[in-house]
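Residue-level listing of the chains:
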Amino acid sequence: MCLAIPSKITHIDENGMATIDVDGVQRSTSLLLIEDPKVGDYVIVHAGFAIHKIDEQFALESLTVLRESLAISMQADSRESDMNYEL
Amino acid sequence: MSIKHLEEYRDPELARRLIDRIQSISSKSVGTKSVRLMEVCGTHTVSIFRSGIRSVLPDGISLVSGPGCPVCVTDQSDIDAFIAISRMDHVIVATFGDLIRVPGTDSSLQSERAGGRDIRVVYSALDALNIAKQHPDKRVVFLGVGFETTAPTIAASILTANFAGLTNYLVYSAHKTVPPALEVLVNAPDVHIDGLILPGHVSVILGSNAYMFLKTVHRKPCVIAGFEPVDILHAVSSLLSQIHAGKPELDNAYPRAVTPEGNPKAISVMDAVFEPVDAAWRGLGTIPRGGLKIREAYARFDAAIQFDIQVPEPVIPNGCACGDILKGIKIPPECALYKKRCTPVDPVGPCMVSSEGTCAAYYRYVSNL
Ligand code: SF4
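Each protein sequence line maps, in turn, to chains A and B. At position 54 of the first sequence the residue is numbered 54 (my numbering), and the sequence of numbers has no breaks. At position 257 of the second sequence the residue is numbered 257 (my numbering), and the sequence of numbers has no breaks.
No wet-lab data here; the hints were simulated from the structure. A couple of the hints might just be wrong.
No more than 25 Å apart at the CA atoms, straight line, and that leaves these computed lysine to aspartate or glutamate pairs for DMTMM-like [to be verified]:
hint, chain 1, residue 1, chain 2, residue 2
1, B, Lys265, A, Glu35
2, B, Lys133, B, Asp118
3, B, Lys265, A, Asp55
4, A, Lys38, B, Glu261
5, A, Lys38, B, Asp127
Bear in mind that the values here come from a model prediction, so they are computed numbers and not experimental data.
Please put together the full structure from these sequences, using the hints given.
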């Protein structure tokens with residue numbers, strides 16, 4: 001249920017809705033629950049609402065870490081697909 | 001342990017080094033050779049399984065899943081109430097997707113939808129609000145399930161509906177609050193947990209201070225963690241250090257998202273609409289102030305008040321061990337129905353339905369059990 005990847009605000013409209021970029025994918029999100037949002041801010045989004053504004057430096061750092069850890073989990077996933085379990 | 005590790009975040013070898021550290025603490029200390037750490041949050045559970053972290057931890061360190069899957073802890077009587085609402089005339093039910101397939105006592109939302117009831121999966125409470133605007137002749141009921149991360153979003157939808165003068169939008173609140181449930185867990189005589197990995201995004205809202213009682217009153221090692229493998233390894237390493245030192249802390253290992261005070265705006269929106277109420281949790285029983293109900297000022301949005309909801313005497317599926325799994329007492333393979341009568345395609349209990357459920361995670365990621 002939680003979307004762990006920080007998303008970047010790319011557009012804000014007059015109704016307090018924003019377009020966000022989640023690692024390349026565009027989505028709509030409400031800004032009602034955070035103070036003073038701006039285009040370019042990185043936010044954590046939950047169930048269609050931005051719930052936290054991350055310091056940009058922090059956000060870029062966590063994206064870097066995320067890419068690294070995705071590499072780790074991809075290794076785990078490819079191991080797992082070798083195991084051929086039924087779903 | 002606070003800001004400094006951010007420097008290390010840039011190091012691609014970080015995960016490996018964290019594992020080395022975990023191994024080294026664990027080999028040095030008798031006290032950490034057999035420990036049970038609980039990840040409270042369902043998103044952590046999935047992240048832990050997907051990244052393969054369980055297999056790299058030293059023997060004797062086990063990660064057990066807790067009650068942090070909102071759909072899983074929703075009481076059977078609430079599931080039955082959702083189904084009863086969906087059967088009412090001139091009603092559209094809006095819900096997050098995971099609830100659809102949870103078996104109630106005599107039906108499920110999925111079966112009701114197949115039988116012609118109007119049940120729609122939404123991504124956000126605002127989507128439900130839009131459905132209400134588009135269908136002024138119907139009453140749209142949003143099924144409010146989730147913790148303090150979700151509750152402010154539902155509260156915001158009620159405030160928006162109030163502001164817009166929308167009279168056909170309602171919410172059935174089955175929201176749960178995390179700190180009271182943790183209190184019950186750490187006090188439960190049959191639950192043995194040496195340290196807690198606290199949920200990341202509930203903490204974004206509540207702030208780390210909300211868990212201070214775990215350290216001061218219960219002396220339980222705690223860490224607030226993000227969702228990436230490095231975050232989780234960092235959390236495990238922190239807990240082992242605390243246990244090793246015999247010094248319980250409340251460590252915030254997710255400072256890029258979690259502050260001591262949390263998100264004051266989200267908290268004030270949540271508090272404006274909801275008040276604490278004693279609430280029934282699946283597996284944990286009735287928890288004092290463990291849920292949120294809609295305040296009287298917003299009673300016209302409260303489906304529990306506006307509808308006469310009749311539910312059957314709830315029957316928990318025979319043999320389903322979800323209750324013990326949510327407390328970390330059992331693991332899914334210890335349930336007699338696991339992988340036999342109960343599979344993701346034909347689930348018996350909610351822990352096999354939800355993508356965050358422990359049984360679903362075991363089914364998907366643990367191939368040999
Ligand atoms: S395997 Fe199915 S029946 Fe058993 S505890 Fe999990 S959800 Fe319940």
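#### Entry: Hints that the structure is at odds with (numbers, increasing)
none
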